[in-house]
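Undergrad: What follows is each chain in one-letter form.
4 protein chains.
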Amino acid sequence: MSSTYGNKVKISIFGQSHSEAIGVTIDGLPAGFAIDMAELQRFMNRRAPGQSRYTTPRKEADRPEFLSGLVGNVTCGAPLAAIIRNTNTRSGDYDNIRDIPRPGHADFTAHVKYNGYEDVSGGGHFSGRLTAPLCVAGGIIKQILAADGITVEASVAEIGGNAEEPFAAVESAAARGDSVGGIISCTITGLPPGIGDPMFDGLENRIAQAVFGIPAVKGIEFGRGFEAAGLCGSENNDEFYYDGGQVKTRTNNHGGILGGISSGMPVTFRVAVKPTPSISIEQRSISYAKGEDAVLKVKGRHDPCIVPRAVPCVEAAAAIAVYDLMK
Amino acid sequence: MSSTYGNKVKISIFGQSHSEAIGVTIDGLPAGFAIDMAELQRFMNRRAPGQSRYTTPRKEADRPEFLSGLVGNVTCGAPLAAIIRNTNTRSGDYDNIRDIPRPGHADFTAHVKYNGYEDVSGGGHFSGRLTAPLCVAGGIIKQILAADGITVEASVAEIGGNAEEPFAAVESAAARGDSVGGIISCTITGLPPGIGDPMFDGLENRIAQAVFGIPAVKGIEFGRGFEAAGLCGSENNDEFYYDGGQVKTRTNNHGGILGGISSGMPVTFRVAVKPTPSISIEQRSISYAKGEDAVLKVKGRHDPCIVPRAVPCVEAAAAIAVYDLMK
Amino acid sequence: MSSTYGNKVKISIFGQSHSEAIGVTIDGLPAGFAIDMAELQRFMNRRAPGQSRYTTPRKEADRPEFLSGLVGNVTCGAPLAAIIRNTNTRSGDYDNIRDIPRPGHADFTAHVKYNGYEDVSGGGHFSGRLTAPLCVAGGIIKQILAADGITVEASVAEIGGNAEEPFAAVESAAARGDSVGGIISCTITGLPPGIGDPMFDGLENRIAQAVFGIPAVKGIEFGRGFEAAGLCGSENNDEFYYDGGQVKTRTNNHGGILGGISSGMPVTFRVAVKPTPSISIEQRSISYAKGEDAVLKVKGRHDPCIVPRAVPCVEAAAAIAVYDLMK
Amino acid sequence: MSSTYGNKVKISIFGQSHSEAIGVTIDGLPAGFAIDMAELQRFMNRRAPGQSRYTTPRKEADRPEFLSGLVGNVTCGAPLAAIIRNTNTRSGDYDNIRDIPRPGHADFTAHVKYNGYEDVSGGGHFSGRLTAPLCVAGGIIKQILAADGITVEASVAEIGGNAEEPFAAVESAAARGDSVGGIISCTITGLPPGIGDPMFDGLENRIAQAVFGIPAVKGIEFGRGFEAAGLCGSENNDEFYYDGGQVKTRTNNHGGILGGISSGMPVTFRVAVKPTPSISIEQRSISYAKGEDAVLKVKGRHDPCIVPRAVPCVEAAAAIAVYDLMK
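Listed in order, the protein sequences are those of chains G, L, E and Y. FYI, the numbering for the first sequence is 101 to 427, going by the numbering used here. FYI, the numbering for the second sequence is 101 to 427, going by the numbering used here. FYI, the numbering for the third sequence is 101 to 427, going by the numbering used here. FYI, the numbering for the fourth sequence is 101 to 427, going by the numbering used here.
FYI, nobody ran anything at the bench for these hints, they're computed from the structure. Since the model is a prediction, treat every value here as computed from it, not as a measurement. Treat the hints with caution; some may be incorrect.
Since the list can't tell identical chains apart, any single copy or any two copies may satisfy a pair.
[Stated by the list, open to error] Derived DSBU-like pairs (lysine-lysine); straight-line CA-CA distance at most 35 Å:
{"no.": "1", "residue 1": "Lys348", "residue 2": "Lys399"}
{"no.": "2", "residue 1": "Lys427", "residue 2": "Lys390"}
{"no.": "3", "residue 1": "Lys110", "residue 2": "Lys427"}
{"no.": "4", "residue 1": "Lys348", "residue 2": "Lys108"}
{"no.": "5", "residue 1": "Lys397", "residue 2": "Lys348"}
{"no.": "6", "residue 1": "Lys348", "residue 2": "Lys390"}
{"no.": "7", "residue 1": "Lys110", "residue 2": "Lys348"}
Build out the structure end to end from the sequences listed, making use of the hints.
TA: So this is what it looks like as structure tokens:
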């Protein structure tokens with residue numbers, strides 16, 4: 101169990117960075133929905149590298165190939181399966197991580213968990229590459245939600261602590277062979293009130309469970325979040341009022357969620373993304389083979405900041421979580 | 101679906117603030133574990149009101165009555181069920197919230213979700229009172245973990261933004277009939293490396309899903325969390341070294357979790373708790389019956405700060421999440 | 101995991117034959133449904149002993165006490181919990197089964213599974229007594245289905261191989277201190293076409309999973325079942341026709357299910373119930389303590405045929421399975 | 101939800117008869133298991149057509165292509181995905197079933213469930229072809245079980261009611277353009293006592309849930325099954341004895357399962373398979389388009405008896421169910 105999400109819509113993600121293919125199965129989509137393939141590709145392109153000079157220039161096509169679940173481009177009720185072929189498989193570039201785990205990566209924890217049988221190549225199943233099939237699933241579900249007037253939109257809030265010129269920190273880090281983290285904010289609009297279940301299946305619980313599936317995410321907060329912890333009730337409570345026949349709140353500190361259930365106000369949350377652990381700077385680590393401390397220099401070119409590419413992934417994860425609760 | 105948690109150990113919580121009883125069933129405990137009932141009661145007492153002058157003085161016994169799953173105090177493999185009788189049932193104190201939803205509470209969202217059939221009394225199933233059965237389950241599981249050398253310990257990190265004298269803010273808020281939020285930090289020690297599954301069933305995903313089950317929680321961050329978003333990779337990466345035969349990291353910015361899997365370092369996380377929405381100060385809201393805006397004054401005495409009482413609840417939720425992944 | 105059923109409606113059953121209480125939690129009932137308590141009690145009475153001279157005369161009240169999930173007798177959306185107190189707890193009657201497992205019972209398998217910590221008293225969690233909370237859940241759900249025009253009705257088809265005078269075999273077995281098994285047939289009417297999911301969540305899969313939860317059930321067949329295995333396709337296929345605007349089949353060998361999905365024809369199935377393993381006749385077994393073969397004489401009065409009492413249990417299990425797929 | 105099975109090992113099956121590919125993902129396999137690919141192919145071949153003159157001569161390769169989860173042929177802990185390309189896609193042979201549902205098939209029920217958007221080609225997701233990926237998953241898991249000394253073996257017990265010369269009935273049916281059903285018996289040996297959970301997750305419940313996932317299965321019975329319903333307790337109870345240090349039963353009417361839990365005796369069960377619904381004989385049905393009764397002649401060559409090809413599928417389903425309970 102691990103790479104499967106959802107109670108009513110089951111998403112199962114598979115693949116390793118350098119396996120034959122990566123992909124996803126989605127069991128529980130409604131029959132009769134026409135997927136806009138061009139729109140889906142535009143969504144996929146948002147997480148592709150090479151979108152800006154700050155992201156890794158390695159070329160990836162990331163065009164999903166649909167194996168089942170469709171007649172033409174229309175869902176038929178059967179589980180949908182889509183794969184993306186890995187063109188760069190079993191490269192020798194990662195030979196040294198087999199012995200020396202990279203700081204900040206899952207190399208060491210996977211090594212312990214899988215008794216040395218883990219696929220180390222490119223980070224294996226823990227690679228950020230696995231967010232591509234997440235985006236296939238999320239991109240389709242975003243379209244289904246949009247047909248009901250529900251939008252899920254995320255954007256970069258700050259990078260390296262800088263919210264005004266977020267990309268400034270990227271250039272400076274890249275120049276040093278270093279990397280930098282950031283914060284993504286996300287807003288869901290059009291969600292009717294009454295979505296979400298109490299206790300463990302509330303919107304917060306389930307969005308958090310999905311969003312932490314994106315590598316490098318280390319925190320999530322809804323509405324005012326951590327800031328609310330410093331407020332008084334009289335400041336943080338959002339008063340209700342009628343706007344026509346509709347109940348709204350005058351402020352939205354609660355981020356559109358009360359008791360795990362949507363209030364009809366926009367759902368808002370923020371996600372903390374740690375700096376990419378792959379850096380060119382030499383780091384200290386260990387050698388399993390020698391049983392002693394070692395020094396590691398990660399080869400290849402690395403993305404100095406994955407925050408922009410993580411933005412559509414946050415949308416995808418949130419869309420999946422919300423849709424699973426709506427069905 | 102909602103108040104059930106766990107893949108391998110199924111926790112099912114039931115009850116409303118003023119129903120006959122609240123309780124929990126736990127399906128999947130190991131047979132042959134002797135529960136230390138005195139220790140469990142001490143744990144329960146930590147969330148009881150009246151522990152300090154800052155918490156609500158309403159007297160509650162909160163002594164779990166065990167209905168099944170035990171022979172004496174030893175688990176027998178069958179599902180364990182425990183209930184706590186509510187002594188204060190169906191009070192008339194809450195008549196006005198049937199019509200006027202309290203800001204910051206789940207009154208309105210429950211009203212929409214359950215079409216007006218929700219139990220409004222004392223907040224119904226959304227009451228903080230439901231954390232009592234959570235603590236019964238968590239308290240037992242903490243003992244099982246402790247027998248394996250794993251401890252789960254939380255404490256108040258700050259209240260009202262004040263980390264040095266956290267309780268100062270409570271007195272001032274209480275005097276104004278207001279309330280105040282805070283931050284709880286939690287540390288899990290003794291967890292062996294290799295616990296947790298990739299993607300959606302990692303430690304972060306599953307602890308977050310459980311902890312957001314505590315009312316008033318609005319954010320969670322692991323390790324350096326949101327702070328890491330402002331760091332460079334070279335600052336945030338934790339370098340490995342051998343300490344005797346054991347692999348450790350020189351720093352613990354990753355909070356003991358890499359790729360969703362425990363590294364063997366202490367698991368650390370922080371939880372944002374919003375200020376108690378119940379305040380004595382008059383607030384604006386709406387009247388369903390009149391279909392117009394209304395003014396609400398919440399009656400009764402209220403806890404000006406639930407943060408201290410939420411501390412054992414965080415431990416309970418985290419213990420349940422970790423144990424479910426360990427089985 | 102074990103005593104929990106359902107994807108959309110979660111049923112969690114707890115208790116042992118002689119624990120303080122047995123009970124059930126139901127998470128996922130619709131809000132606003134008024135339970136007819138008298139009707140529920142009549143349903144419960146159908147599985148109670150003492151209904152006929154053929155069933156065990158031990159007196160049990162089996163009146164569920166509702167702890168949560170209701171306001172009055174109306175569901176409020178929160179998980180419903182109901183318990184039945186055991187009046188006959190921790191009796192000494194079962195001391196010998198602690199050492200000598202009863203043939204045909206779960207004594208031995210529970211002993212291995214729970215390392216000797218199982219509750220042996222009255223069969224513990226494996227007792228037929230646990231079908232009482234199953235009937236509480238099933239009885240409520242039968243009412244919800246009935247409100248939609250769906251009925252679930254089972255009856256005794258044969259006992260001891262005798263379908264014409266099924267009760268004749270019971271008297272004869274009872275006189276010898278022996279017991280006898282039988283077959284129950286069940287029909288679900290009013291189920292609209294299109295209910296059930298393909299492959300592993302079809303009506304057959306899910307009804308079977310629920311019905312095998314009743315102790316002593318050893319077989320299930322849908323429609324013509326095992327008989328169909330001896331037929332030709334031209335005999336077994338059910339031809340479609342229009343009856344007014346409605347599609348029907350001229351015969352119902354398929355038992356109302358094609359591809360796991362309801363066809364709109366009555367769902368029909370039959371359940372094989374083995375003879376009650378408790379008999380007064382001396383049987384050979386083993387002694388754990390002595391590590392050698394032993395002889396067992398089961399004490400007390402026993403039900404020579406549980407088939408009539410299992411009839412409402414089959415209805416309950418089927419109702420739960422169908423409702424979970426309909427939500 | 102539908103084509104996903106398992107609590108600890110998640111099997112997700114996808115594909116339609118004529119989609120680009122069919123396949124399976126398996127999440128939860130142990131890392132470090134070397135799959136014997138030749139053995140797996142031999143297992144796959146057992147369900148392939150053309151094995152005997154009684155099965156459909158249509159040529160299918162059914163060689164799984166592994167996309168992920170392996171390094172070489174060794175599992176790496178990441179989800180395994182395997183696909184089989186469909187060479188015969190989107191054929192026009194099935195145009196008439198779009199309008200006229202075939203008796204005994206899921207055409208009509210799928211039509212209702214998916215509002216006319218179902219993939220009718222070759223039966224879509226309801227085709228027996230989907231048992232190929234089931235056999236990929238089951239074939240791998242059979243190898244894992246075999247490494248622990250557990251074997252799962254099924255065989256044809258009878259066809260068309262004939263147990264002595266089961267294949268006689270096939271020839272006669274084939275000559276008439278008709279088909280015939282049969283019974284498969286299955287035995288699991290080497291399963292240690294104590295496997296399976298009480299109530300809803302017992303071996304019977306979970307094997308039944310898996311086996312009914314094979315199209316055309318209409319009944320299942322464990323041990324003496326329906327026959328036991330005609331016996332007395334003194335005949336049906338299996339007495340325990342010590343065979344060396346091991347506890348055995350003198351007979352095995354219980355089919356190796358008591359209270360849902362394995363007893364250490366061989367697990368035995370029988371499965372009823374209805375006659376293939378595809379026959380060449382003209383049948384009455386309906387036309388959706390005309391809204392009136394119609395006559396259907398199913399084109400193409402059809403398998404007069406799928407029972408032999410269903411044998412490995414029963415093994416696969418049982419292996420998956422048992423393994424999920426063992427983990």
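Undergrad: Run every hint past the structure and note whether it holds.
TA: Hint by hint, here is what the structure shows:
1. Lys348 with Lys399: Classified as between; 24 Å across copies, 53 Å inside a copy.
2. Lys427 with Lys390: between (53 Å within a copy, 32 Å between copies)
3. Lys110 with Lys427: both (12 Å within a copy, 16 Å between copies)
4. Lys348 with Lys108: Cα proximity of Lys348 and Lys108: in one copy and across copies (29 Å, 30 Å).
5. Lys397 with Lys348: between (54 Å within a copy, 19 Å between copies)
6. Lys348 with Lys390: between (63 Å within a copy, 16 Å between copies)
7. Lys110 with Lys348: Both ways: Lys110 and Lys348 sit 33 Å apart in one copy and 33 Å across, limit 35 Å.
In summary, the structure agrees with every hint in the numbered list given earlier.
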